[in-house]
Amino acid sequence: MRSLVVITSVTIGIFAGVFSVALMNGMIAQRVNDALNEEISDIQITGKKFRINNDPQLVINNPSRVLSAIRSVPVIGGIVKRTTITGMANTALKSTGVQIIGINTEEEKKIFTLFKKIIPGSGDYFEKDSKFNLSLIGEDLAKDLGIIRYIIDSSTINNLREKRLPVPVVNKLNTLTGERFLNEKQFVKKMNSVFSAREAKKYGRIIKKEAWTFRQGTRMTLTFLDKDNNQVGAMFRIAGLYDVSNSIFEKSTVFVKSTDLNHLIGLTDSSFHEIVVKINNLDQTESITNMLAEKLPDLEVLSWKKLQPDLAMMTDMVQQFYLIFGIIILAALAFGIVNTMLMVVLERTRELGMLTAIGMNKKKVFSMIMLESVFLSLIGGIIGMIISYLVIRLTEHTGINLSQYAEGFEALGYSANIFPQITAGFFGIVTILIIITGILSSVYPAMKALKLNPVEAIRNE
Amino acid sequence: MKVLDIKDVYKIYNESEIQVNAINGVTLDFQEAEFAAIVGPSGSGKTTLLNLIGGLDNPTSGEIIIDGTNLATLKSSELIDFRMRNIGFVFQAYNLIPVLTAKENVEFIMSLQKWSRQERDARTYELLKAVGLGDRVNSRPSRLSGGQQQRVAVARALASRPKFVLADEPTANLDSRSAATLLEIMEKLNHEEKITFIFSTHDARVVKMAHRVITLEDGKVVSDDKKE
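In order, the protein sequences belong to chains H and P. This note's numbering numbers the first residue of the first sequence as 1 and each following residue consecutively. This note's numbering numbers the first residue of the second sequence as 1001 and each following residue consecutively.
Hints in this document: simulated from the structure, not taken from any laboratory. Glycine included, every Cβ here is placed at the ideal spot set by N, Cα and C. Hints may be right or wrong, so weigh each one.
Among chain P residues calculated to face chain H with C-beta under 10 angstroms, some are [said to hold, decoys possible]:
hint, residue
1, Thr1048
2, Gly1055
3, Thr1069
4, Ser1077
5, Ile1080
6, Asp1081
7, Phe1082
8, Arg1085
9, Gln1092
10, Asn1095
11, Ile1097
12, Gln1113
13, Asp1168
14, Ala1172
Quick list of simulated restraints, FRET-style, between CB atoms [as the list claims (entries may be wrong)]:
hint, chain 1, residue 1, chain 2, residue 2, range
15, H, His397, P, Asp1135, 50 to 60 angstroms
16, H, Thr8, P, Asp1135, 52 to 62 angstroms
17, P, Val1099, H, Tyr405, 44 to 54 angstroms
18, P, Gln1113, H, Met1, 31 to 41 angstroms
19, P, Val1099, H, Gln284, 51 to 61 angstroms
20, P, Glu1119, H, Ser367, 15 to 25 angstroms
21, H, Thr8, P, Ser1145, 49 to 59 angstroms
22, P, Gln1113, H, Ala29, 28 to 38 angstroms
For reference, chain H alone in the conformation it holds in the complex (with noise of 0.2 angstroms):
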C-alpha cells in the first residue's frame, strides 16, 4: 500500500510535468510559427535608416544587384518584395495607428500563410479584382475601428437553437431581438446583464460568433507621408479580415497591394523598402543572416531573433525554465520519498536489525534502501510518462481548446487551441533526472537504517 502510493504520487508528479512541458512546448512552437509564417518570416532585409525613422524614400536601392546576391546563397526558401510604411486607419467612429504593408499577394502566398487565416465570410486575399484600393485588416483592428457590429435579430436566435442552446437562454436572448451593438464592449455589458455569470461564460462565446456581423466592401480611410513628406488620405475598401492568433498583430497590421500603396507614396510600382527572406532550414537562420549581412554590407539584415527579441529569448530561455520546473517538481516528490523511505526504515527496523544481525553489511543494507527507493521513483516515473506520452499523442494532432481564455491568449500572440509537444529526447533526462531523484532522496532513511542497533532493532516489538 505504501509502495502503490509513492508509485501513484510519482506519476502524477511526472505526468504533470512533462504534461505541463508538453503544453509550453506546444504554446511556443506555435507561437514561434506562427510569427515565422505569418508575421515576419525568418530573415529582413531593409535600409540601413529604414527601421528607425520608417522614410518613405528608404527604398532599397539597385534591387537586381540585392536580389541575385540573395539568390545566390543556399537553402533560401522564397523571397518577397514589401512596402512599408507607417500611418493611421479611419473610420467614422474611431482612428488608430497602424502599419501599412504593400505585398503583392502572388509572391507572398509562397512565403506566407495569412490567405489561409481569412475569416470565412468576411472576403477574401485581394482575390477579387476592384475598382477601388483593397485593404485586408486583423479581425481586431476592425473591432477596434468599430467595421464589426453585433446584432440580435431572429435570424441570430434561430441559428442559436439550432445549435441546441438552452430554451431559457434563447428566451433571454428573445428580449434582445432588434437590439444592434456599435462595438464588443457594449454588447458584452449587455449580455453580463441579461445572462447569469455561468450562462454567460458558457455561452457568451457562441452568441457573440453568431451575433457578429461584418458588411463587405465597408471602407475606411488611411493617411500616411508620402515620399516627399506630404500628408496622404486615401480610402480603401476592406477586401476581408484576417484572423490570427496574435492580437497585436492583428490591431496593427494593415495589408494592401503594393502597386496600390506605391501609387500613393509616390514610388515606382517595383520599388520595396523591404525583403523578406524565408530559408529551408532553420537552425541555418544566424549563418545564413550573417552570410547575407556580408555580402549586402549597404544594407540591415536581420534575423527573426533580432527582430523579435522577446520570441527568442522565451525559445533560448524555455530549456533553462523547463529545468527549474523539473527541478521543483522532482524536489516536491523527493520530500514524498524522503518520508516514504523513512515510514519503511520505521516499519522494517526489526527487519534491518535482523539483517545486520546476520551479517549484511552496512553497504548492502544502504543499497537496499536506496535500489528500493529508485526502484519505486523509476516505477512511478515511468508509468506517468507513459500516460503523458499517450494523452500527448491523443492531443497533439486535436489540441486542446481553452477558447474560453481565448481573448487572453491571443492578447499575448497565443493560440487558444494547444497542441501539446515533446522530444523523445526529453524522457531520456526525466528518467536520468528520476534515478538521481530516487537516490538523493534514499540517502537519509538509508542513513537512519544504518544507524540502527541491532540489538535495539530486534528487541523492538
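We have chain H; now place chain P onto it with these hints.
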C-alpha cells in the same frame, strides 16, 4: 575442540548514571557440538550474554574469543562479516523476511556469502527437509504457523555452517507440540551437523533436553551443570 571462550566478561549499562551490571564477571567456554541452555530469571542477563557472544553488543571489559578470534580486535565491518561466517541466530520472534519464501529466507545468507546457485539450492533443500518443511519451500512466512516459521529460522541459522547457533528464547512463542518438534529437530541437527547450540530459555522442556545447563543470576554464573 573449543569454539567459544568467554573470559571475565562484564557488561555495565548507564555507566555515567546509575550503574546496572547486566553481566558481572562471566567466564565460560563451549566445545564443538555442545547443546547448552542458559537459564535464569528475567533480568538475570541471558539475552545480554547472547548478544555479547554474538558480537551484537560490546562487553565493558573481558574477552570473547570465537575459534581463536577475539571479537574486540575486529572493526565494525569485519565483525559483521565474522558474524555472517561464524554465528547463526534464532530469534524469539522468528524475524523472517516477510516478502521472501521459506527457501529464499534460508538461502539469503548464502547469497550474501556468494555461494553458487547449485550449492545454495542443495543446502536449502537439505535443511528445509531436515526441519520437516520439504513441502513448504515456496511458502511465505505469512502462510506458515509459528512453529513452522521458527523451523525456517533454524534452517536459516544453520545454512552457512556456522561455528555455533545462538537462540534467544526460541520456544517462547510456540505451543507445546511445536516447541517439542522444534527441539527434536534442533537436537538432531546438532548431532548431525556438529554445530554448537546455545539457547537462552525459561522453558523447562528445553532445559530438560539440554546437555549442559548454565544458570545466571544477577549477571553471574551460579551453576554450570553438564549431563553425561
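Here is what the structure says about each hint:
1. Checking P:Thr1048 against chain H: minimum C-beta separation of about 9 angstroms stays under 10 angstroms; hint holds.
2. Interface hint at P:Gly1055: satisfied, since its Cβ lies 9 angstroms from the closest Cβ of chain H, which is below the 10 angstroms cut-off.
3. Checking P:Thr1069 against chain H: minimum C-beta separation of about 15 angstroms lies over 10 angstroms; hint violated.
4. Residue-level restraint check for P:Ser1077 holds (minimum Cβ-Cβ distance to chain H is 6 angstroms; threshold 10 angstroms).
5. Because the closest C-beta pair between P:Ile1080 and chain H is about 5 angstroms apart, less than 10 angstroms, the hint holds.
6. A distance limit of 10 angstroms between C-beta atoms decides the matter here; for P:Asp1081 the minimum to chain H is near 7 angstroms, and the interface restraint holds.
7. Annotation: P:Phe1082 was flagged as interfacial toward chain H, and the flag holds, the nearest CB pair being 8 angstroms apart, inside 10 angstroms.
8. Interface restraint check: P:Arg1085 against chain H, minimum CB-CB distance 7 angstroms, threshold 10 angstroms, status holds.
9. Contact between P:Gln1092 and chain H, as hinted, is supported at the beta carbon level, the nearest pair being about 9 angstroms apart and thus within 10 angstroms.
10. The beta carbon of P:Asn1095 is positioned within 10 angstroms of a beta carbon in chain H (closest approach about 4 angstroms), and the interface hint is therefore held.
11. At about 6 angstroms, the closest approach between the beta carbon of P:Ile1097 and any beta carbon in chain H falls short of 10 angstroms, and the interface hint on this residue holds.
12. For P:Gln1113, the interface hint holds, since its Cβ comes within 10 angstroms of a Cβ in chain H; the closest pair sits about 8 angstroms apart.
13. Interface restraint check for P:Asp1168: the shortest CB-CB distance to chain H comes to about 8 angstroms, inside 10 angstroms, so the restraint holds.
14. A hinted interface residue such as P:Ala1172 counts as satisfied when its beta carbon comes closer than 10 angstroms to some beta carbon of chain H; here the least separation is about 13 angstroms, so the hint is violated.
15. Roughly 59 angstroms separates the CB atoms of H:His397 and P:Asp1135, a value that falls within the hinted 50 to 60 angstroms.
16. Roughly 39 angstroms separates the CB atoms of H:Thr8 and P:Asp1135, a value that falls outside the hinted 52 to 62 angstroms.
17. Between P:Val1099 and H:Tyr405 the Cβ separation comes to about 50 angstroms, which falls inside the hinted range of 44 to 54 angstroms.
18. Between P:Gln1113 and H:Met1 the beta carbon distance is about 34 angstroms. The supplied range of 31 to 41 angstroms therefore holds.
19. With their beta carbons about 58 angstroms apart, P:Val1099 and H:Gln284 fall inside the hinted range of 51 to 61 angstroms.
20. Checked against the hint of 15 to 25 angstroms, the C-beta distance between P:Glu1119 and H:Ser367 comes to roughly 24 angstroms, which is consistent with it.
21. With their beta carbons about 35 angstroms apart, H:Thr8 and P:Ser1145 fall outside the hinted range of 49 to 59 angstroms.
22. Hint check: P:Gln1113 to H:Ala29, Cβ distance near 57 angstroms, so the stated range 28 to 38 angstroms is violated.
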